[in-house]
Each structure stands twice: as C-alpha cells, then as structure tokens.
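There are 4 protein chains.
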Amino acid sequence: MLTDPRFTIEVELTVPFHDVDMMGVVWHGNYFRYFEIAREALLNQFDYGYRQMKQSGYLWPVVDSQVKYRGVLRFEQRIRVRAELKEYQNRLRIDYQIFDLASGTRTTTAYTIQVAVEEKSQELCFVSPAILFQCLGVTP
Amino acid sequence: MLTDPRFTIEVELTVPFHDVDMMGVVWHGNYFRYFEIAREALLNQFDYGYRQMKQSGYLWPVVDSQVKYRGVLRFEQRIRVRAELKEYQNRLRIDYQIFDLASGTRTTTAYTIQVAVEEKSQELCFVSPAILFQCLGVTP
Amino acid sequence: MLTDPRFTIEVELTVPFHDVDMMGVVWHGNYFRYFEIAREALLNQFDYGYRQMKQSGYLWPVVDSQVKYRGVLRFEQRIRVRAELKEYQNRLRIDYQIFDLASGTRTTTAYTIQVAVEEKSQELCFVSPAILFQCLGVTP
Amino acid sequence: MLTDPRFTIEVELTVPFHDVDMMGVVWHGNYFRYFEIAREALLNQFDYGYRQMKQSGYLWPVVDSQVKYRGVLRFEQRIRVRAELKEYQNRLRIDYQIFDLASGTRTTTAYTIQVAVEEKSQELCFVSPAILFQCLGVTP
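Residue numbers (our numbering), protein chains in the order written: chain R, 54 to 193; chain L, 54 to 193; chain U, 54 to 193; chain C, 54 to 193.
Quick caveat, the hints were computed from the structure, so don't treat them as lab data.
Be careful, since some hints might not be right.
Where chains are identical, the list cannot tell them apart; a pair therefore holds if satisfied intra-copy or between any two copies.
Simulated pairs of lysine-lysine, DSS-like, Cα-Cα distance not exceeding 25 Å [what the hints assert, rightly or not]:
hint	residue 1	residue 2
1	K107	K173
2	K121	K139
3	K139	K107
4	K139	K173
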C-alpha cells in the first residue's frame, strides 16, 4: 500500500546563493529547507499540509531527524528532492533523497519523524489520529 | 525626551559561520537578525517586546526598512549593534548602527519603521495606541 | 535602452513554511531571499551572475537596500517577483516588486544597489568595469 | 582522556524571534545554528576552528547529523547548549545537549560527524590529519 504513487513525490530545486556558506557548499542546516519543501508537497497530495494539520486540531512537531551528507551541494546546482512516506500508524516517518539533476547521482539521504500532538490538551498521541488515516485513504 | 537613556541600547554580538556567504562576508539579508536582536532588547526596556505587543492586541509589522552597508562583516567579527528609538507618535522608527568592536569603526547604518495594526480588526492605526505611550512613559 | 526586455525579469515563487514567523507572515529579513532569486535570474540573462562576477575579478557587494512592505506575505502564498535593472554606469541598481499571483496586487517594492570592488586590490570602482558593459551589450 | 575539561563546552543563548516558526516554536532546521555556535566555541578551545581548519589545508564537512527534539524551544527561551568531543581518530564526532536554563530540563540531544577532506586533492582522509592531534594535544 505504500506503493501508492501518492506516497512519493519529487520536486526540482535550484540551490540559491543565500544557502551556501563560506566553504562554497550548502550549509548543513539549510538542507532542511529542501526537505520541507518536498515534505509539504507530499502532504498536500493528501490535503494534510500544515494548514490542514492545524485546522484538524493537531500539531505535528518533528521529534527526530537524521541526515547523511554523501556529497556536497553547490550554488546554482539543480537538484531533485524525493520524499517518501514510510510510516504513519503511530508517527509520520518521511524519507528523503537528494539527487544531482544533471548526473542523477544521489548526494543525500535523510529522514524526519513527526508525532501528533493534540493542540488543545498539548498531549502527545501514541497512535496517529483518525484524520490522518482518512486523508491517506487507509484503514488504521 | 528622546535623550532618555532607555531610548537607546547596545548589544554585542559575534558573527556566526552560518550568516556568512560564499563571498566570505555576512549576506546582506542576515543583517536584519542583528537589528532584530537589538530592537527586541530595546523594546524589552519598556516591557513592550513582541509578546507584550501581541498581548496588548496590536501587531507591529515592519513597513519600511533601509540599510546602508558601508563596510563588510566577516566570520567571528565582534560587533556592537546600537538601536535608538527615533519616532513613536504615529509609528515606531528605530535607527541602527553597527560598529566593529575592536576598532570602533562604524560599518552599517539602518532603520526600520513599524506601524500598529489592531489584531482584531486588522486595521492600521494612524496614531500609535495608548499602550505604547504608557510603556514609553510619555504623553501622546 | 533600459526598455530592452532583458533588463526585466519575473520569477514565480511559493512562500515556504520556514520563511514565516510566529506572527504568521514572512519575516521582513527573508524578503531578501526572494529578491536575490530574481536578481540572480536577471543577471544570468547577461551571463553576469555571481560566478561570472567573481571570474571577472570583481565582487559586487550590496551597499544600499530599501524595502517597502505594503502588504504581508503568508505561508504558501503564490507570488511573482519582478526585478528591473535601473542603473549600471557607476553602480548596479535593481528595483523589485512583489505581486500576489492570484489577485495581481502589489505587496512590496524594494531596491538594492551594488558597486564593483576589484577583488585583487579590494578597491572600490567609481565607474562600473568594462566587463559589465560588454555583458549588458551597452556602450559605457 | 576525553574527560579533559577542554573536550566539553557550554554556551548560553536566547532564542531570537527570527528562529521561531508559525507554530510558535523554533523551526527544526534552526537548531543547527545553536549547535554550530557551541561547536565553534569548542573547537576554538583547541585553536582549530573553521579558520584554522582551512589554513591547515583541510575542510571538515559535516557528513552525518542526528537530532532528537524531546521538547520544543520558544521565543526568548534562555538555553544552555553543551557540546562534547566524542571521537577524533578517524572523524570528528561532537555530541550536543540543549537544556532549558531556568529549569535545567534537557530538551534536545544531537550529534554531528565531520571528516577531513584535503583541500588541494579534495580527497577524503580515512584517518584524521596530524594537525588535529597536535591541536587536541593527544597522540594519534
């Protein structure tokens, strides 16, 4: 079921000047901007982006992230960022891969894990809320 | 009255790595981080920082800004940022100066202008709200 | 001659989550990211982007900038950023306008001024270097 | 030997407005700014910060990072960031912990891993270069 094409998305980006540090490569903290653009595009495929999350009464803070920087990214490099939904039952795990657009070489792998927090009670949900399953079109 | 010492503040900062671009100098958009740190310290002297603004029912968006970059700033440079309240009757104008800490040379001058917007009505205030005058300890 | 279509460019962008502050609007310092993307696209039309600048032996630091924030920008807002080359003889002045894509409303006007600095001597050029005129296809 | 007090540092910071997102918490990618300020302070204890790295002929790109966000950070929160050198033989592993300054509660744990790349040859070093051991005052 995670083979549903809606569970994966790819976006193409160009590295802007202001993301590059004095070593001439994208500063490691700025990769999260690219992951976020891809993640938001992925979640919008299910009508469950940040706005809808908030409207549904849940916040989804990132609680864990890992990035493996296999190759550097440079100014004006054209990249393809792939985001894949990997888990949703108890938490939202999204995996990322960045590819150099010209060569197809994979430069980066990463993941983020988000958990639902009910906004009103500020309580952590140990099982993802029903609204997520509805949006994903899956049974819990 | 604008000679009241509370109408001026100075903060000392060190330029971090992630603010510097591939030309080896602080990227021009990142100066606003330094201005903001000084502005917030200035406004906190009057108990009218962002939190208090919001609690008072007003937002104060920046509507105009200018920066004159006279000299560059480099990684690990120690700087002193001075913020001065210049106008408050109808809008909040704050002027900024950045100095190299070691030499005292002034590298940057700037200003920001903010106007009050009543949060509930989203209406722009053509005269600053009473709460600002109270915090500043001035008569309108 | 400034009516040459290459002296103007427009780029379309979507406001990402990480540019928006806790007031729910794009933080005023982040507008420079949008201006920069448009400026770099404009300069690339002349083959005189950052890389070519550096290769030509000149740096072009921003020495002056002004922004008038007429309306706020919000998360996921679709915008069109127009950059226009306005001066080049002694300095590079580029004007910017941001428009809401849906309504066409202009939300922001701004400019940046850059001057040439010869990298080797670190000396400021009071007249723009010949390479700029060649790239622009104009006579000094 | 990793109990040498120079292998640990703590810095105190205040969360600035521009690091906080529209959910009212520090955006997850901005934590790397705090880690970097602490890391640079740590490396400066050994006279092997970014400048010295570059002067020594080696770049030290971050190749792996993980962050566990246990609690959120909010605007103006006072925090203490601890950085500890954990490995240096073949790579530089630094662990981070963020604590709320008022309560002492630990909100975040993280690590970064950097490897030496010889700048001239752009070749990855499988063993850390001699200059690192000299700076650390250890035998390889």
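One pair to classify: K121 and K139, alpha carbons no more than 25 Å apart. Within, between, both, or neither?
Answer is both: 17 Å inside a copy and 19 Å across each meet the 25 Å cutoff.
Indicate which option fits the pair K107, K173 if close means a Cα-Cα distance not exceeding 25 Å: within, between, both or neither.
The answer is both: 11 Å in one copy and 20 Å across copies each meet 25 Å.
Copy assignment of K139 with K173, given that the CA separation must stay at most 25 Å:
neither (28 Å within a copy, 41 Å between copies)
Up to 25 Å between alpha-carbons, please classify K139 paired with K107: within, between, both or neither.
Intra 22 Å, inter 39 Å, cutoff 25 Å: intra-copy only.
Going through the hint list in order, the structure does not satisfy hint 4, though it satisfies all others.
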